[in-house]
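Starting from the known structure of chain S, arrange chain V on it as the hints suggest.
Next come the chains, spelled out residue by residue.
Protein chains: 2
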Amino acid sequence: MPYRAPVDEFRFLYAHVVDLAALAGTERFAEATPETVEAILTEAGRLCEEVLAPTRRAGDTDPARLENGVTRTSEGFDAAYGAIAEGGWVAISADPEHGGMGLPMALTTAVNDMVSSANLALQLNPMLTQGQIDALEAHASDELKALYLPKLISGEWTGTMNLTEPQAGSDVGALRTKAEPNGDGTYAITGQKIYITWGDHDLTPNICHLVLARLPDAAPGTKGISLFMVPKYLPTEDGTPGPFNNVRTVSLEEKMGIHGSPTAVLDYDRSTGWLVGPENGGMKAMFTMMNNARLGVGAQGIGVAEGAFQHALAYAMDRRQGASKVENATGSIVDHADVRRMLTTMKADIFAARAIALMCAVALDRARSGGGEDWAARAAFLTPIAKTFGTETGMAVADMGIQVHGGMGYVEETGAAQFLRDVRVTAIYEGTNGIQAMDLVARKMADGGEAAFAMLDEIESFAETARERMPDLAAPVWEAAETLRETVEWLVAQDDLNARFAGSVPFLMGFARVLGGHAHLMAAMADPEGPRARLARFYITRLLPQHAGHLAHARAGAEDLYAVSPDDLAA
Amino acid sequence: MPYRAPVDEFRFLYAHVVDLAALAGTERFAEATPETVEAILTEAGRLCEEVLAPTRRAGDTDPARLENGVTRTSEGFDAAYGAIAEGGWVAISADPEHGGMGLPMALTTAVNDMVSSANLALQLNPMLTQGQIDALEAHASDELKALYLPKLISGEWTGTMNLTEPQAGSDVGALRTKAEPNGDGTYAITGQKIYITWGDHDLTPNICHLVLARLPDAAPGTKGISLFMVPKYLPTEDGTPGPFNNVRTVSLEEKMGIHGSPTAVLDYDRSTGWLVGPENGGMKAMFTMMNNARLGVGAQGIGVAEGAFQHALAYAMDRRQGASKVENATGSIVDHADVRRMLTTMKADIFAARAIALMCAVALDRARSGGGEDWAARAAFLTPIAKTFGTETGMAVADMGIQVHGGMGYVEETGAAQFLRDVRVTAIYEGTNGIQAMDLVARKMADGGEAAFAMLDEIESFAETARERMPDLAAPVWEAAETLRETVEWLVAQDDLNARFAGSVPFLMGFARVLGGHAHLMAAMADPEGPRARLARFYITRLLPQHAGHLAHARAGAEDLYAVSPDDLAA
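One line per chain: the protein sequences are S and V, in this order. Letter 378 of the first sequence, counting from 1, is numbered 378 in the working numbering, and no numbers are missing. Letter 266 of the second sequence, counting from 1, is numbered 266 in the working numbering, and no numbers are missing.
Chain S extracted, bound-state conformation (with noise of 0.2 Å):
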């Protein structure tokens, strides 16, 4: 069931839902021009469709491996790595200066989705390049920029996060490594570093890895942790991998999924290692690494699902068992009401998600185009919400998929369940769900719910406009909006931020459900009479209902949750 990129569905949020031209008319982004993004998004498509989608399976039946000390690849990794390299999709955002193309995220933000549609498992690697990128744009020294950034804007080389030890997993303050001064402006890197992704392979001749640790006598906790740039091989004067740098493999983790994506247990033994961004200043460097690969992450999720939708749909389409007695009957099991339920939820959910990850990607570049604080304001604020909805609905939607194969979804063979075990790992990694949760209820509303605010202000208006023409429709995207602008004037109102986390995934779902009936609002205004508006009703119909239970979740407080004590859980 060969893999079609969704370019029709990419243009048609772009023009109706996310205002894509208005990009084009800034100085930052006036290389995005329509035939460009055409460009891209055709040119993207059909290398996921002919190179990369055929290697999907292989990423999950031939895992990476270590071998005698090497890190092989899976069959056919190595070609299509290539392919995505020499054809520059690794960094298509990035800074021209270092051979970028200097495209919005909004376009990233496409090809980062049919990417992982076709190959999760590969698809990380270029991923976690493009965060290491952004993090040396912002942070490093020139003399870093200029040997690294080309290396890794063209693909040549590979770049890895890492932060993980195995002491400390979400809580980075508690990490280890120690950083000492060489007296030649270099570190020695000491340490175990867990969870690396792409940590080692053989698909480039150097990998750069950026790695969290402590100088002599830093602050405890996050305060104390500095970022350093630190090759696998330390690079010559002209510019090539040169001697070994104590960067050892220990071993590969076996995890559910993505077994083509070697994760990698690094040790590192008095390795040579550059500051990036000035001392015990890791954490903000950290940060933009992890802010953009968050959407990202999203865009892996909401990739999967779609993979699994045309996975499933075609196989639905082709199954034909028992009849049931619908119009425009297909005699396949696609009339059965409850695959037809299944197949339109997947439908409708992938392009919510895909809507707020686009709508977060504008932001990011309207904000890097001069917009204000407001767009920076509103990127911060979707950005927990477009990779917790992303890979939530990248989980149900491979779950879904599983389901409408019936027996033969749990047999392995099929490649149902490939795309659900890869992508669980969405939930946890760059910040698990819960902690992109507590980031928006906190952090993200630390202005007092101004962005969240700003944000319903403009989904009220348009259910205001959209009344007229639909008023079905649109009345109960209002609601919605409503019932969430009285779940949000409550959460800012808790000065106890634990009465705000404990119902903060609940709430965080609740709001992407109400951006979800926002998009596909639009969606329907501008297709009133096509498959866009029977979609939207779909949608608005028996999807967005859900937001109620959320929302009610999200304003119980914490008191009735830590009255059930540990000892009650395991009574």
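Everything labelled a hint here was simulated from the structure, so no lab data went into it. Model, not experiment: these values are computed from the prediction. It is possible that some hints are incorrect.
It does not matter which identical chain is meant; a pair holds if it fits inside one copy or across any two.
[As the list claims (entries may be wrong)] DSSO-like, lysine-lysine: derived pairs with alpha carbons at most 27 Å apart: (1) K223 with K325; (2) K145 with K325; (3) K284 with K325.
Only chain V this time, still in chain S's reference frame:
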């Protein structure tokens, strides 16, 4: 993280939610004295904790395999199965006439739940045998009963269910396996069956297959299907296994989980079979087998949920990371609001699902012990709910269990992922959850909703009684029941079955949410100052509100759903 059998929870449910004592007052279940119940719970609990649970991991890492035509089972399964059989645990509800204990399904359901926590892959084996025993007790000739029942009840032989064929999944009527009379009262069975759980293994000297097949000139569809007993080895005069009966294992499926359970493709080539029940009466016999198996599968979901919950709780209590300012802080991640939310959700939903399964089991027992048609109707009504909500809870809880573990949850070594991979099949087999929901809104509401309304009367009446002492818990349950009543009224008024089917899964989930609220309210009333009331408050305040979203979907009808055409989906 050793499994601890939730014996206290069963005691509590029997005493305060489902009134097990009333059963002991009937002639049929006079043996189910408090002493017997206590002995069953504690002995089964001990078996699961000490003997079965230690074999669970091997059932994942050491899959069943086919070697030169012989199916080899996972390390330790032989001894574990032996302990189940020798302890008399295969069929405690079976007829005492053939060696059973004649105990209520309410007890079997608790045992199935615990054994599934300990080792789902292995539990499938006795569960399938239970289904076969039910079918034989209800439909087989006295000769067949006398020969097979003692062997099956003792666990000396095991039983399987052969429905599915390559071209016919959920559509059983499309099957093609032939049964030709041999002239001596036996039949020659020829055809291929797929997805045969424990279809072959090396644990017992014989395996008894119940096979659906067509007699020559049988009517097409489900009306022309008959049921046959086809043993792997033909029993000799003295009842020991004799000549091979041409039941060949073609292959074993490579599945997402339950690797320890061999799922076979079986080839029958003029294998000798004996008719069970009348000619062309196979569907009825199969429904006997499947109906009870459906409740059993619900218990499997709950059991895996319990295992995943205990695993996650133990991890969370042990994991020290970050600090959260809460009363009675443990210093572990259990103090974090979102971790606490996940664990409490898991615990509360397990309780709800378990209560529903036991309500169904007790209704079955009441019907069998002379309680009359109303109990039979209730059992029939609750069966698809118990199956679907039990298995959906299994999946949701196992998924949250991974999330509680963070990155460790995605690494197979931790064991958290196994619960999700294992339990995923339970939503598919014995009739997918979509088929359960269709059964609920069509066959099980063909009585005009009588069984549903009787259940709702009981829920509302209890909520009215509880209103005085616990108004803030009783009122939301009563109101949810009213919304559900309106939805049932709407559904039974729909003559177009597709209007019912279009929201049938959400309807089922909404019904389960309300039943769960009822069970939690009963628990709170029985333990008003204790942990049961605190958990009930969490459920009723935070999880029960989900019913509104489900029921809005359930009432949306089919028109808007079918408006989204297959072409729209493929667009």
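Please flag the earlier hints that this structure goes against, numbers listed from lowest up.
Checked against the structure, the only hint that fails is number 2, while the rest are satisfied.
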